[in-house]
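Starting from two chains that each stand alone, build the complex the way the hints lay out.
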Amino acid sequence: MVEILLDATVRAGTPILFATLGAIINERAGIINLGIEGLMLIGALAGFAGTYLTGSLLLGVLFAFAASFLAGSIHALITVQLRGNQIVSGLALTMFGVGITALFGKGMVGLTIVGFKRVAIPGLSQLPLIGRPFFNQDLLIYFSFLLVFVIWFFFYRTRWGLGVRSVGENPAAADTCGFSVSTYRFFAVTIGSGLVGIGGAYLSLASTPMWIENMTAGRGWIAVALVIFAGWSSPRAMLGAYLFGGITAMQLRFQAMGTTISAHVLQMLPYFFTILVLVISTQRIQKGASQQPEGLGLPYDREDRK
Amino acid sequence: MTDFLKIQNVRKTFPGVVALDDVSFSVAPGEIHTLLGENGAGKSTLMNVLTGLYHPDRGQISVAGEPIHFTSPRDSLACGIGMVHQHFMLVPAHSVFENILLALDNVPNFYSKKKYKEKIQKLIDEFDLDLDLDIPVWKLSIGAQQWIELIKLLMRDCQLLILDEPTAVLTPQEAERLFNVLRKLKEQGKSIIFISHKMREVMEISDRVTILKKGCSIATRTRGDFDESTLASLMIGKDKIPQWQKNLQMSDEIVLDIQNLSVRNDRGLSDLDDFNLQLKKGEILGIAGVAGNGQKALAEVLTGLKNTSQGKIMAGEEDITNSNARYSYIAGIAHIPEDRKTIGIAPDMSVDENLIMKSFKSGSFRNWIFQNKKAIRRNAEEKIEQFAIKSGPDGTPVRYLSGGNIQKVIIARELSEHPAVLVALYPTRGLDIGSAGYVHKVIADGADRGMSTILIAEDLDELLKLSDRIAVMFRGKLIGYVDPRKTTREEIGLMMSGEKGSLPDLP
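Protein sequence lines, in the order shown, are assigned to chains X and U.
To convert, note that position 142 of the first sequence is 142 in the working numbering; the numbers rise steadily by one, no gaps.
To convert, note that position 219 of the second sequence is 219 in the working numbering; the numbers rise steadily by one, no gaps.
Chain U with its partners taken away, still in its complex shape (with noise of 0.2 angstroms):
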């Protein structure tokens, strides 16, 4: 059987980073393969050499035996081509329906709009989806968009289809349909690839494993030919995993007290509806939901940057409703936000500023109006080594460390002040599995220590492994709490969409 698609030694630097080194690897008809590598591996950026958005620096690629250079999307397109990217490429205020002709080639410039919609409606039964044509996308779920992006491929008859972590905005039972279409996929000859960090897929879904580890292709391993701990040690290969114990006792004293809160976003809709949370002084308290269903809100709301239109939040005896971020750090609510290149740190900046970012107004680091270069430097000298950051030489601006690094010099300077609360919004989001196990030690270290962490994370498996509870949310409401001791991934799973759980309230 010819490959449909073979990539040889390809290599592509950016100004400063090389992104790919040297990769290699194919991809048969009918084959699901699967791209395993930590966070900066380059997996991104060999996508995007395949789409035509990147051009490589060396190598080759060849299309069912045809050695093929891409010189934009429409190239890649051509040949068949498609991708689901992470941060899907759609237009939130257009239609599912515009959004899926955009994609269409062929398409006259005078359409008939009928004609389209029946074709479109004729595959979206095909595969037994619920998606209205006339809807605009920002109306609809994270799942249901990423239906959307499946279709545009589908609906250009694409033959090799990449999926970039495609399961990380669904539940189980959404992602186990998405599998059932991929193998549906697979069956009618097509070529996918697909990539994940979570192990449990890779083994349910791969017929063939390659991993990358920094820019290079170092395995590729057949089904039936690895486990889980094998493909592990070969994508972290000598580093280390920080290990860290839970602390399993927690305290009934009540630090924050979250009560019918009701949030408006900016389209008017409700993010957070009757929201009601009460986290306890040294717990982990996991919150789990698709993405999209008020996490985000939450987080904003307790940290200050969101204000309220109903409800009330106790930070003990103290009402801190609608307070700003600079009263929650004092209240001692520290945040990890979700998007740490754009909120979390200020990318131009040196590690260094970056680092006292919370704490440049106190008098350790100034002399009178001015910086006090000499404390600051020391500080970061500190923060660095007592976090791990590999941070470059001096003064580099934050935005050339890695996703870890970055990760952690948010964490350095957010829990500088000991704070009593952290809310960690996807903290390990993108990161390698070694940095990830950094950050779930610093959270856990930090509950030994009395600190209270909301920690809202996408991944089941972190949840269940690191929390003291878990409370499920669903469209803004808190559905119920969870022990993650006692509960099933399917039970969970059943209250991401909506259905009460059987424990209605753990005391």
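Just chain X, with the same shape it has in the complex (with noise of 0.2 angstroms):
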């Protein structure tokens, strides 16, 4: 029982685990990114069509990366190179998002692929309660737990990582080291953005192998609360995108089980917590404890007179 509800946990979090990992990546640079909703949606659908296609799940992916990489470019442009409101831009994204992908999905709607399969660890897959939750799933899941370890590895042990943080933190400071602020912004706006529109594909590649308009319901939100209650951490971030993924399983489990209270109020459930978390780790960032980037939303304009 508690190993099945582990299993549907780590599922349902994958892909707001993606989505997370992803905006993390956007803000250590100094970049908020409200778009992870619509680069979820145009992932999701770029992931399928790219499978759908060519037949090939990695090239499935690959497609979702490239689209959303792209949608986030835009983004990048905006914030990065042009100095414009990033709360704004991102905003606009998300609509975008959610319109082209309702425009472009319509061919899509009803046809069907074969998803990720699980890939059973040998050994490790047996082990009690944690095996199957664990070592029992689909490639996506294993990459996503490498690519928890790699973003840390990166952002700390890594002279780009430390470019990244550093132009997230104090652009000037950056600059006047001879690191080209706008550069890593860029690449961290567009890669970030990319890693989320992985998150959108593992919901039509792997959850439902299919497309469904808007299929992505509000997890791109929230992902952006998330980064906020992972502290701006890819490890804590795991643990945040699981206890969401713990939360959807949980409810699911209850519908099916048939109890009396409403289904609606079981699937505002998630949601419900989005906000629990946000107040309650605002209210940590307020009293110090707080390790989101000084230079976050500020564009950085090197001949600006302070």
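Treat the hints with caution; some may be incorrect.
Derived contacts from chain X toward chain U, CB cut-off under 10 angstroms, selection only [unchecked claim]:
id, residue
1, Y156
2, R157
3, R159
4, W160
5, E169
6, A173
7, T176
8, C177
9, F179
Sample of chain U residues facing chain X (criterion: CB under 10 angstroms; computed from the structure) [unchecked claim]:
id, residue
10, M83
11, F88
12, M89
13, H94
14, L102
15, L104
16, V107
Footprint (simulated), chain U over chain X, 3 or more residues, beta carbon under 8 angstroms [stated by the list, open to error]:
id, stretch
17, 161–168
18, 294–303
It is worth saying that the hints were derived from the structure and are not from the lab.
Model, not experiment: these values are computed from the prediction.
We treat Cβ as the ideally placed atom computed from N, Cα and C, and that holds for glycine.
See the structure below:
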């Protein structure tokens, strides 16, 4: 029972995990990206279309990455190169994503593909309790585990990662040390957006291998909130994503058991917890435990006279 | 000897402002060249041109004889030019190690933490500094942060070091240590551009001095060919320094009594720790201390911008602990904030509007719920005249005024209702001699009228000249009072680093 619930938790949490990791890379470089929801949809559709057309799941994932990389570059262009308002640009990106996927997705509705299959890791998958949820999953989930570590390593053990973090904390300092603020920010936004797209693709290639209009159902917004909950750290993003996956899994379980609580109330739960998490983590930030990049949301203009 | 750096006829304009008009000067290897000039003379702009942050409109820069065109800080760094900015270019959330690593070239993407730590530690030992590489920068004192900036440049092996007012954040003893390091670097053949307002230091360390005025380099003097008064007169020209007389009488009536005050900051550390202070009527109480030892918290608590966690503030008989800013104003406490552009004014609003910001509710500036434009304009004209504010055409946003004039706007507004207490936080920071003199005069005149002033400043000479008493702060505690007529700079310097003074309490 617990095993099944944990398994459902991981599967429900993974798309949010990808999206949160992508958003963390954005925000670590100082750019707020409220386009996550739209990017996920673009990734979901591109991933599905790619797999449907080529028959390859791997190509589908690459399509998803590339499509949301491109969509993210719109946000990067506006916020980094043109120093536009990050909030407005991000919201526009979400609306753009919702609209364009509805338009191009029309022909894809009702089509089916063969989605990602579980691949058991010999030995580990036999472990009690955690074997099935963590070591008998599909390849994208294993990739997400790897990504959590890679992103942590990137930020804290590589020079590029140091550059991204510095550009997000104090762009002027990075600039005077010879780092190109716009290059770092641009690629943080686009590559981060690409990862968000893979999160979307997980929905259309693994969770339910089909395209449904607006199939992200607000998961992108949850990811935006989780970035704050996670304190901009990738291991904590994993914790947060699975917390939400757990709530989703539980409410599905409740529904299946046929409780008398209205299904609408149960479906509301993950979003309700989003609000709760935001309240709690915002309070924590105000108490000074903040990991928030200091340059977050601020455009950088070298010749701006202060 | 060929000059390491040569600048000829550099000009830089911003929309509507000529920041640099025509500047030429040069620095030789093994030379300490001081740039002297009033604020707004263009020193910072010039340095930003040298570090590649700004592109000059015209003029020539050559390094080691080669003409050079910088397009970004990267180019400037590649030429061996490094700068310690007045506002440090550090990432507070990162460790000392990460901040230094950020500045290094040719670090492989997958670097060995151990190897680079050893390299940096070697340099730290060479200059006999005390720095923990793993500590986050925000936990360090400002003086220590400056050493990090310097190490950043030395690790890069910069040939030309630019230091923008480096001693502003140091105790006299620390400044002396910095000078020793600079002399050592000079012997190694490095060129140094030194920017300072403090004549004493300029005299002590400079090989040559170039004076900037209104965006032009007007004179260069070699050591032995200048003294304090010639430099000062070259710098100010015909501008007059306002004259004022300090009234040395103060009464024994206590207007403000701070008792066992503790304040915590956003990071949960104590900014003020069991702090006591008494302010007498009509006195100018100077507060000495290295920046970051609680001065800002003191000013913010007194003006109601910050709440206390412990202790009491009594204004006469009244307890004003944790009153809000408006209430502080009613209680007669005015405030000249540290950061005049972000806290002191609303930069995009006009001079007229900024001047009534504290009294906009009063009947004289409104007709029912509408502004009384005429009265507001009349008030502005009066203040502009009285405080000699150069304000530009009517309706000019305050942000376009020079630092000195912005400060005058703030002072005019703060003093408009004749406050009983003035809390002035670094009121002359970044001001030219003329404007600073004006600020001094206003404070001294206020004391004559019975206004008490808490003057927080970093320039000891300023404190010694103006104060009736000086209180020294260290790590949020009051170390003691000294009498400015009897004390020495050395004594205050020692107290600033936490040692008790010989005069624990002055009656």
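ask   = Given L102/U as an interface hint, is the shortest Cβ-Cβ distance to chain X below 10 angstroms?
value = Holds. Min distance 5 angstroms.
ask   = Holds or violated: is there a CB of chain U closer than 10 angstroms to the CB of E169/X?
value = Cβ of E169/X sits 4 angstroms from chain U, so the hint holds.
message = Quick check: do three or more residues in the stretch 161–168 of chain X have a beta carbon closer than 8 angstroms to a beta carbon of chain U?
response = The restraint on the stretch 161–168 of chain X holds, since 4 of its residues have a Cβ under 8 angstroms from chain U and three suffice.
query = Minimum Cβ distance from M89/U to chain X below 10 angstroms?
reply = This hint holds: M89/U lies near chain X, its Cβ roughly 4 angstroms from the closest one there, short of 10 angstroms.
message = The hint names R159/X as touching chain U; please verify it with the least Cβ-Cβ distance against 10 angstroms.
response = With Cβ-Cβ at 5 angstroms, under 10 angstroms, it holds.
request  = Classify the hint on C177/X as holds or violated, based on whether any CB of chain U lies nearer than 10 angstroms to its CB.
outcome  = Result: holds, 5 angstroms to nearest chain U Cβ.
Hint status (Cβ of T176/X to nearest Cβ of chain U, threshold 10 angstroms) = Holds, because the Cβ-Cβ distance from T176/X to chain U comes to roughly 5 angstroms (cut-off 10 angstroms).
task = Classify the hint on F179/X as holds or violated, based on whether any CB of chain U lies nearer than 10 angstroms to its CB.
result = Constraint on F179/X satisfied, holds at 7 angstroms.
query = Can we keep the M83/U interface hint, with Cβ of chain X closer than 10 angstroms?
reply = With a closest approach of 7 angstroms, the M83/U hint holds.
Cut-off 10 angstroms, beta-carbon criterion: hint that V107/U touches chain X = With a closest approach of 5 angstroms, the V107/U hint holds.
request  = Using Cβ atoms only, decide whether Y156/X comes closer than 10 angstroms to chain U, and label the hint accordingly.
outcome  = 9 angstroms, holds
query = Can R157/X be said to touch chain U, with a Cβ gap under 10 angstroms?
reply = 7 angstroms, holds
Violation of the numbered hints given earlier is absent; every hint is satisfied by the structure.
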